[in-house]
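Asks: From the two separate chains plus the hints, produce the assembled complex.
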Amino acid sequence: MTSSVKVLSFWRSPFGVRVLIALKEKGVEYEYIEEQDLLETKSKLLLESNPVHKKVPVLIHNGKPVCESLIILQYIDETWPSHDNNGFLPPDPYERAVVRFWADYADKKIFEAIRLILKNAEGELVEQGKKIMKESMATLDKALKDVARDGPYFGGKNINLVDITLASYLCWIETLETLGNFKSLEESTCPHLCEWAKVVVQHPSVKEGLATIPAQKVLESARELRKKYFGILE
Amino acid sequence: MAGEKVQLLSAMPSPYVMRVEVALVVKGVDYEKVPQDLSNKSELLLHSNPIYKKVPVLLHNGKAVCESGIIVQYVDEAWPSADGGNLLPADAYGRAMARFWADFVDKKVFDALFGTLKASKGTEEEKKAAEENVVAVMSTLEEALVKGGEGPFYGGARMGLVDVMLVPLLAWLPAIEELAQLSLPWASKLPCLEAWFAASKAHPATAVLPEPPKITEFVTNVILPRFAN
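So the sequence lines, in the order shown, correspond to chains A and B.
Those letters in the first sequence? Residues 11 to 244, per the working numbering, in order.
Those letters in the second sequence? Residues 106 to 334, per the working numbering, in order.
If we strip away everything but chain B, and leave its shape as in the complex, we get (with noise of 0.2 Å):
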């Protein structure tokens, strides 16, 4: 659309950042990536989100969104797709449904698998209730696609909402997978995460994600360190 002003604040390992960031290029959306250091917080990020002064930040003609799954149904309701082509269905039902999947991704997927790299610095009772707990989590994950019905997405056979927030997975999951040794069942318990994985990896919209060894990197160096004993 003409005389949009589109801005994205960012950060390289941000999942949160990940997740607008495939979003708009799912919608189709034209954006300018602003990359923030959150070390040293810029005027504009700190005049865009006085609250909680974290990127992502979308700036849409000057106005700032925030708060990554905030951003994401602003994304979709600014930009409205013909053809099915929007992140939530347009049922009542389904929209609830996908609203609370993207909850349970934002609410404990991620604190999951962090967890790991905590727990990688500590016992091995701490070690193995981390990764029991991702297990866990990754197994409910997988009952949700299953009962969901026809795949490879939470979408369907497009990228949804619960896609969208679930996909900065395929940057950090094979890092922490490494760092932490963790040792997911794929094949035995989670045969449609799986499939949802290769997927997304195949999906275009994948394509602005950061390469696993680039988080891989930064979580040695700037994550691992902050749990040393």
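Excised from the complex, chain A in its bound form (with noise of 0.2 Å):
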């Protein structure tokens, strides 16, 4: 039977590029398709399919849309099961709380810091958002090290939840700490989320999707809407 699976984003969200790693990570096809300005005018199917948030990404499955990306990536991963509990989220009970909870931190923290640091030029509020990346890294990489695994990923020989969300704000992280000329993932405080960082960057499907945010357009995008939104010229 073959289905339809459109995914409607912007190419510069990590909330969108996410489910396009979770969709190759799959081996589902999809359709992609760009809202051509995110911040203006909202498409006509955007608005449709996500009339409460008017948000991206949008997964539309045979015509039903999903919304919020962490509730995407667990509906795509028990729409299209992997085999061998190689899903995006453990079998176990605590184990997938363990999951969800170090996602919905990344997804807290990182966007926070996101929202201080892009919408500054400095002061305060860029000071507190350098010290929310440079702890949540930190944080982070302390739970990588913790949870116990039998590969390179927080889901061991394979990428799971945690995995996906995180990599999917690697170019964002780079951007901040460009525009905040700063440090937050780096080897002294970050040794082993350093070192994963770079092994899963290389994971075939994070790779193809990383491919669709390249850091450098990223940090161009940025400075562009620095300056158009909130007047602050580089």
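Take the hints with a grain of salt, since some may be wrong.
What the hints assert, rightly or not - Per label pair, the in silico range of CB-to-CB distance: (1) Lys129/A <-> Lys294/B: 34 to 40 Å; (2) Val251/B <-> Gln46/A: 31 to 37 Å; (3) Gln226/A <-> Lys146/B: 42 to 48 Å.
Bear in mind the hints are in silico, worked out from the structure with no lab data behind them.
The structure displayed is predicted, hence computed values, not measured ones.
Virtual Cβ for every residue (Gly too), placed ideally from N, Cα, C.
Replies: Listed below in structure tokens is the structure:
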């Protein structure tokens, strides 16, 4: 039975790229639809498929929309189950809670840091954002170290929900560090996470997904956004 | 189940704790409530939730689960029910929908309500905006209930994930309506939600919720003074 899978997203969105990585990991073919202009006019398709939040990404499976990236990832995992417990979530309820916790943590912290650093030129809010980045990278480094695994990823030999969520932020982490002129994901404070980052970007599904959101393009786009919407000139 | 130790680190007014407690009761899990003094956090709390240092925390045979939405799903999965008693439906799309509305309740509903408390100490304009925000959010919830089909709960005839996430409103909404002088258009715009409230109040699991006057007292003595200008 052929199913129709569409992804409505915006190239720059870390929430969108994780959906692409997830679909590629499951070997699911999809049609990608780029939302032309996120901040000004939203498309009819977006307003119809996500009337509550009017945000990307949206997964449209056989005409039915699924919204919110982590919810989409779990939907993908459950709809196209992997063999041998290699899904995005492990089978044990406690381990699942731990995976959900760290994916949620990454989203809470990194998104907040993006908001603070992107929208401000300098000052207290930017410093707050930098602090959040440094602390959260160190915390995730420890989480990776503490989790029992038989491979390089949070999920062990295969990428799991945390790997996909965090990997989707890598270009943005680089952009924030350049904009704010600071380091958060570095060897001295996050040796395990740095090692993880080197390996995860070589993972086939991650590599293909991240190719759609190159770091240099993200930085240029971020600079344009800052100039246009927040009056920040570099 | 013999030999199981389930503890819930709690605090009376916390709507996040209330969600977990109702989930445990709905799933028929025996648990011990361990009330916490949040102004003087215990070693147990700091050790079991070092990242956020907040309640609720569920300790299941010593292993800690944090964040109310995550805990509720854990309870559903760790104690699977027979005969349709799970908080989440079996089909992937139904689960995605339930998680979506649970997330909406978590991100929008309580914030909108707490916003009216803050605005109650502000200008007339701020009060009006806060009330409009609540009406908008509740109207979206109403629509979800209408579209979801047979009620009275989001889970249908039985309480599900979304209901459990929303249920702290039973304790909090009367207090907020009184203290923020909120006037919600129940009959004209929110009839399904009104029916949801009645059904939730009548559900045996919600007997564990604090009575609204206790929340009114808490809001009056602890929350509102924070917003005094």
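Asks: If any of the earlier hints don't hold here, list their numbers in rising order.
Replies: none
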